[in-house]
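Q: Using the sequences provided together with the hints, build the complete structure.
Last residue of the sequence shown: 120 in UniProt numbering, with the numbers rising by one and none dropped.
Check the hints yourself; a few may be wrong.
[Claimed, not checked] Label pairs and their in silico Cβ distance ranges:
#	residue 1	residue 2	range
1	D16	D112	31 to 39 Å
2	S36	P9	31 to 39 Å
3	Q15	K99	18 to 26 Å
4	N93	F67	15 to 23 Å
Bear in mind the hints are in silico, worked out from the structure with no lab data behind them. Just so you know, these numbers come straight off a predicted model, no measurement behind them. We put the beta carbon where it would ideally sit given N, CA and C, even for glycine.
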Amino acid sequence: MSASEESRPHGLRFQDTRFWVTHRRREYGPFDYEWSEDLRGIELHYQGVKFGEVCSVHELFADMREFGLPMRVVEVACVVFGSSLLGITGGFNSQERDKMLTETLREFHCGDFITRKDDG
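A: Okay, here's the thing in structure tokens:
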């Protein structure tokens, strides 16, 4: 983590399919996803523990209560998951997914979590 990232109270960090949410200078994660065994759904994980599944465009189950996360972290993680999975299943390239994530974070009033490219 770069010095500028450490000084930011809010942000996101990505590594492969995993991501971490920084809220009030505390990092939460990793959040991750993987395709279900039958490839019909996508399992959602926090610190390696399954907490939900996307079964279809119209069916989603998720329960993160057991982790005791701040509501703002849950909100941001949901926006990131939703935007990322929509981009992947929609066949968007990396640049299009990044743009969509930035726009979606702003749309849901999570702009302070946008990771700037010059931060590290």
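Q: So, for every hint listed, does it hold in this structure?
A: Verification of the hints:
| no. | hint | in the structure |
| --- | --- | --- |
| 1 | D16 to D112: 31 to 39 Å | violated (24 Å) |
| 2 | S36 to P9: 31 to 39 Å | holds (36 Å) |
| 3 | Q15 to K99: 18 to 26 Å | holds (20 Å) |
| 4 | N93 to F67: 15 to 23 Å | violated (32 Å) |
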